[in-house]
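Residue strings, one per chain:
4 protein chains.
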Amino acid sequence: MSRNLELVSEVIDSALESPVPDLESFCADIATRLLDKHEYATVSEVKAEADYFLDVTYPSGKKGSEPYTLVAEARADAQGVLTKLIGVKVVGMTACPCAMEVIRKLNHQDDDKAAPTHNQRNIGTLMIEVPKGSHAVDADDLITIVEAAFSSPTFSLLKRKEEAETVLHAHRHPKFVEDVVRDMLQSVLKHYPSLPDDTMVIAKSESEESIHKHNAFAERVTSIGELRS
Amino acid sequence: MSRNLELVSEVIDSALESPVPDLESFCADIATRLLDKHEYATVSEVKAEADYFLDVTYPSGKKGSEPYTLVAEARADAQGVLTKLIGVKVVGMTACPCAMEVIRKLNHQDDDKAAPTHNQRNIGTLMIEVPKGSHAVDADDLITIVEAAFSSPTFSLLKRKEEAETVLHAHRHPKFVEDVVRDMLQSVLKHYPSLPDDTMVIAKSESEESIHKHNAFAERVTSIGELRS
Amino acid sequence: MSRNLELVSEVIDSALESPVPDLESFCADIATRLLDKHEYATVSEVKAEADYFLDVTYPSGKKGSEPYTLVAEARADAQGVLTKLIGVKVVGMTACPCAMEVIRKLNHQDDDKAAPTHNQRNIGTLMIEVPKGSHAVDADDLITIVEAAFSSPTFSLLKRKEEAETVLHAHRHPKFVEDVVRDMLQSVLKHYPSLPDDTMVIAKSESEESIHKHNAFAERVTSIGELRS
Amino acid sequence: MSRNLELVSEVIDSALESPVPDLESFCADIATRLLDKHEYATVSEVKAEADYFLDVTYPSGKKGSEPYTLVAEARADAQGVLTKLIGVKVVGMTACPCAMEVIRKLNHQDDDKAAPTHNQRNIGTLMIEVPKGSHAVDADDLITIVEAAFSSPTFSLLKRKEEAETVLHAHRHPKFVEDVVRDMLQSVLKHYPSLPDDTMVIAKSESEESIHKHNAFAERVTSIGELRS
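Each protein sequence line maps, in turn, to chains L, F, P and A. Residue 1 is where the first sequence starts when you use our numbering, and the numbers rise one by one after that. Residue 1001 is where the second sequence starts when you use our numbering, and the numbers rise one by one after that. Residue 2001 is where the third sequence starts when you use our numbering, and the numbers rise one by one after that. Residue 3001 is where the fourth sequence starts when you use our numbering, and the numbers rise one by one after that.
It is worth saying that the hints were derived from the structure and are not from the lab. One or more of the hints may lead you astray.
[Stated by the list, open to error] Straight line, CA to CA, 20 angstroms or less: simulated SDA-like cross-link-like pairs of lysine to any residue: (1) F:LYS1159 x P:LEU2007; (2) P:LYS2213 x A:THR3144; (3) A:LYS3105 x P:GLN2109; (4) F:LYS1161 x L:PRO174; (5) F:LYS1159 x F:ASP1055; (6) A:LYS3204 x F:SER1044; (7) F:LYS1159 x P:SER2009; (8) L:LYS113 x F:LYS1105; (9) P:LYS2037 x L:ALA216.
[Unchecked claim] Covered by chain A, according to a simulated footprint, are these stretches of chain P (three or more residues, beta-carbon under 8 angstroms): (10) 2160-2174; (11) 2199-2211.
Where is the CB? At the ideal position from N, CA and C, for every residue including glycine.
With the rest of the complex left out, here is chain L (with noise of 0.2 angstroms):
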């Protein structure tokens, strides 16, 4: 056990020194090192959660930060092969399509304003491999492309007009969680257009239905080539 946490504590003692350039290569490292030192081994995994914020100028000027969650693995084999997986965990909010369609027809409405539906918190996360040594993939820009496949992303200090913008927004884009996860595969794909064919992408929405007393819950595990097809 000891041994393991001492591994730990020299990368981090090392990282103190000269810091690690992200969250995956640190745990490529230990990783790698946790590999070295068992010789029996034939394989060996890290992952990582951090906390993280993000310094955001809200609608009315005022900045503020919110929170995140950075997420990272390492795989490290005998034959020397090294995965790597850099990723975020981001809370939005979706706004459920189906029951606003039923709506509008039980109000016999037929313009294209928005219609009263159920909406909740979501949860995305989502985690790209990426290449040893490239630094291509940037947690901020995952950010950005799993805010941009909710409804909405949300915020923590809101003024009563940005509060009914933001829910106006997430009504004129309802989707269900398979919609979030198709949506997130989609913009990886134009994100980032030299990422080879085996990157593997992991993509996950968990809706928390105010409706419901349990949650929805889509996933889809690919590879960029896949994506591609």
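Fit chains F, P and A to the supplied structure of chain L, relying on the hints for placement.
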């Protein structure tokens, strides 16, 4: 340690022969016996939670069951005073009155039809003190009271039209967390006209805000007498 | 969403008329029906956990019950293959062999009496695949296997002398997390000699280290065939 | 809602220009401003927790850092009374005196060497009220007090011999949860001789019993005056 658990075990054993009438009496029984066995103690407190399912008939006529949580507390002191509380935790839904009002204005909507707003899961908790020996307060009634205080109760199983109607019902009864608390307390007063003035009542409402990454919360600890005045 | 829950509700309804034989068959039933109802789907997975209590007779002769968790999984695919896993999560105790050995040396103790060491709560998980229609694997047997793989099982209710004997038993069987995993797997092989080679087995042990602020964890996913060879 | 968060945001903004001296002052600042902005309110309460790391030198001479949790509370009322509490949550280890004594008897051991017993992770919490403007109570000192009240503090990184010595140290200071609470309170009295009589002190100890599936817990809410008498 073992002595305390032996008591719980004894109480469960007797309960298997002649079942306890309710969870708060179970707590009260253990609290009293704990005080008896620990001569040096001046007060003992016992808290319990239990999963609870109620059979319901959904609007579609289908039958099913919805999940709730029963909560009970008992406190016995060396002067022989025994206090029991019975309560429930219920999951429902609130729709925000404020965003709805601003959206009406933004949309120049002056009819009384429901306008879009943010809505979300709400956890309502209601606990009432019960006099020794009294079984005046029934958990099923408390569930009814809490569900009526939400913008709408929620259901595990809904056909599309029922889902839309549930959403519309919530939009016709928009509520802040403090409204849920106030409405629970008003119902308690109407539902239990004969409870004595010194009966303690606790009401809480926690909203998992769809528009924010944090929750909103309201709580009032009061007495039937204070509510009457 | 509702369609999936309707299925769960239907399965529960039929189960009330003719009870399901076990939790994994319950999962398998839902997995199969989910796949039938979703024509576009290629695979469906259902996981369930349930609180479980076993009546026990404590060393003192007192009767009581100990808490466990049942876990079950089922996976149905479009080719008609159905996989079921049944398992248990059990809380027990491990005593560290390494610290005990060093303490023996420090104390110049060369008899075979138990020496002090750190010991702690351990959560053991054991899951076994069961062939379709087979009820060869029983949860109560799995609990017995996991409890025997700990340094000692633990109990809710112990007289002072029994507590001491439990502690001594643990010190006579000191184990690392990897020992708990290995011993569970060896017992599975002995206990189920007729299980086919391709039967999947999952064993995990998590130790809430008393000497550290973090946990230690070991896991092996293997097959009966691999264990036999 | 937004109004409250705006306040938090403002306080954080000012803190970035001139940092707050400590977490409890941060809470007190927000509590006071909340009360100012809500004319109808009679009392406001703010609670905060923060991850905290202390640089330590391990017995081996290696340097590292150990994780703790800071806790702070502030309460402002309409009469202008402001109460602040600062505290820490610390993870350590307790060894059971009772099982050790019985094992000594069972083993006919009458020397004063450590005998085996069950030991486990313990979470100690200590909170002290601080007078307005005072910074007499320092979180690092509270951590020292709590760690000394355990059977032993624990460490993330231990060489084999240090691990054995930590275990032996714990066995030479066996303690129940109520001992941990009492010893924390006695240390507070010695360490802070000038705190006024009406200073509130809260001490808790929770033991994740290795011998049981449930935890043991002790708590005392008292005042410096009561401790002195």
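Which of the numbered hints above does this structure break? none
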